[in-house]
Every structure is written in C-alpha cells, then in structure tokens.
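Asks: Sequence:
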Amino acid sequence: MTPLLKRALDQAAVWHRGQKRKYPRVDVPYVSHLAGVALILAQHGFDEEVVAAGALHDAIEDAGVTAADIAALFGPRVSELVVAVTEPDKSRTWEDRKRGYLEQFCRNPWEAQAITIADKIDNFESIVVCATTHGDPWAMFKRGRDVQMAGFENLRNRILTLPPHSIIDAFEAAYRDVIQV
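In this note's numbering, each residue carries its 1-based index in the sequence shown increased by 68.
Among the hints, erroneous ones may be present.
List of simulated lysine-lysine pairs, DSSO-like, C-alpha gap at most 27 Å [claimed, not checked]: (1) LYS74 / LYS90; (2) LYS166 / LYS74; (3) LYS210 / LYS74; (4) LYS88 / LYS166; (5) LYS90 / LYS166; (6) LYS88 / LYS158; (7) LYS88 / LYS210; (8) LYS210 / LYS158; (9) LYS210 / LYS166; (10) LYS88 / LYS74.
Since the hints were derived computationally from the structure, they do not count as laboratory data.
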C-alpha cells in the first residue's frame, strides 16, 4: 500500500465515521465499501491516485467534504476524479439524480468511469453477501429491487459500450450474481 492510499483510507474512515452499509440486523461500517472500491481498482491495475479517489469517492456526496478539502489533502487529480463521480445536486429527486449521474458517467474520463464501475461491483458483492448471510438486502432500499435493478441495467448498458477491460468483465460477473438475488 502506498502512503497516498493509506492516507486516503484513513481519511475516508474519519469522514464516514458513524455511517453504516445497508445491511439488515448488522452494523457494517461504511468504510468497508470504500476499501472495497479501492481494492477493486487496485486489482485491475489503476494507479494510486485513481485508487485513492476510489477510497474517497463518496466524501463530497455523503460526508459534506468539499473538492477543495480533497485537493488540499490529496492533490488536484484525486479531487477532480471524486468530483466527476459525485452525484449532482442532492436536492433533486432520486430519479432525476440517477438520470443525471448516467449522463455524467458517459462524459467522464475513463478513470472516473472505472471508479463508478468499481463502486457498483462492490455494491453488487455486498448485496449478494447480505442475501446469503444477513437477510433480504432489497428491503433496505427505499425504491425496492425492481427500481434498483432497472437503474443498474441502465448503467450496464452504458458500460458495455466501453472498450474491453478486466474491470468490465468483473462488473459483468458481479451483475450476473446480483440478478440471482
């Protein structure tokens, strides 16, 4: 692990302290997701700044951190990648935010797209683990399974237009697993 990644994981743990994953009957610290995203990116050969941005990808959206905060601690490239994968305006409806995120995904550079893909892989893996170990994962989602899966399918359709890469293969494998849940 590089010093940059260690600092990113430590800071992510601080910024997301007290946040939990959507698992029934068990408190899983949110940092497990952030570490999972970083690990997936590292496994697929992305450089340390992309991996660090993966660890920090929800900081602006979910922890009230600013792009300037991230840039000051981790540099402009990490900050730009986190901004690129941050959902637009949280005051909009869930449906509008997801639509905007899909449009943004298509405009993002490859490294930001890879962070989104790694994020979804970890989410899929968490849903499968939750279903096999802790209970019905879909009950924890306000919109339920069908709406969530439709959103995943919309993103998948965009991902499948990208040039081949091992992270896309991993996404497809995780997607096949989650549709069985």
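Asks: With reference to the structure, classify each hint as holding or not holding.
Replies: Hint check results:
1. LYS74 / LYS90: Within the cut-off at roughly 25 Å; holds.
2. LYS166 / LYS74: Since the Cα atoms of LYS166 and LYS74 sit roughly 31 Å apart, the hinted pair is violated (cutoff 27 Å).
3. LYS210 / LYS74: violated (34 Å)
4. LYS88 / LYS166: The given pair, whose Cα atoms are some 21 Å apart, holds under the 27 Å limit.
5. LYS90 / LYS166: holds (18 Å)
6. LYS88 / LYS158: holds (19 Å)
7. LYS88 / LYS210: Satisfied, since the Cα-Cα distance of roughly 16 Å is no more than 27 Å.
8. LYS210 / LYS158: OK: LYS210 and LYS158 at ~16 Å, within 27 Å.
9. LYS210 / LYS166: Satisfied, since the Cα-Cα distance of roughly 14 Å is no more than 27 Å.
10. LYS88 / LYS74: Between LYS88 and LYS74 the Cα gap is close to 21 Å, so the pair holds against 27 Å.
Checked against the numbered hints listed earlier, the structure breaks hints 2 and 3; every other hint is satisfied.
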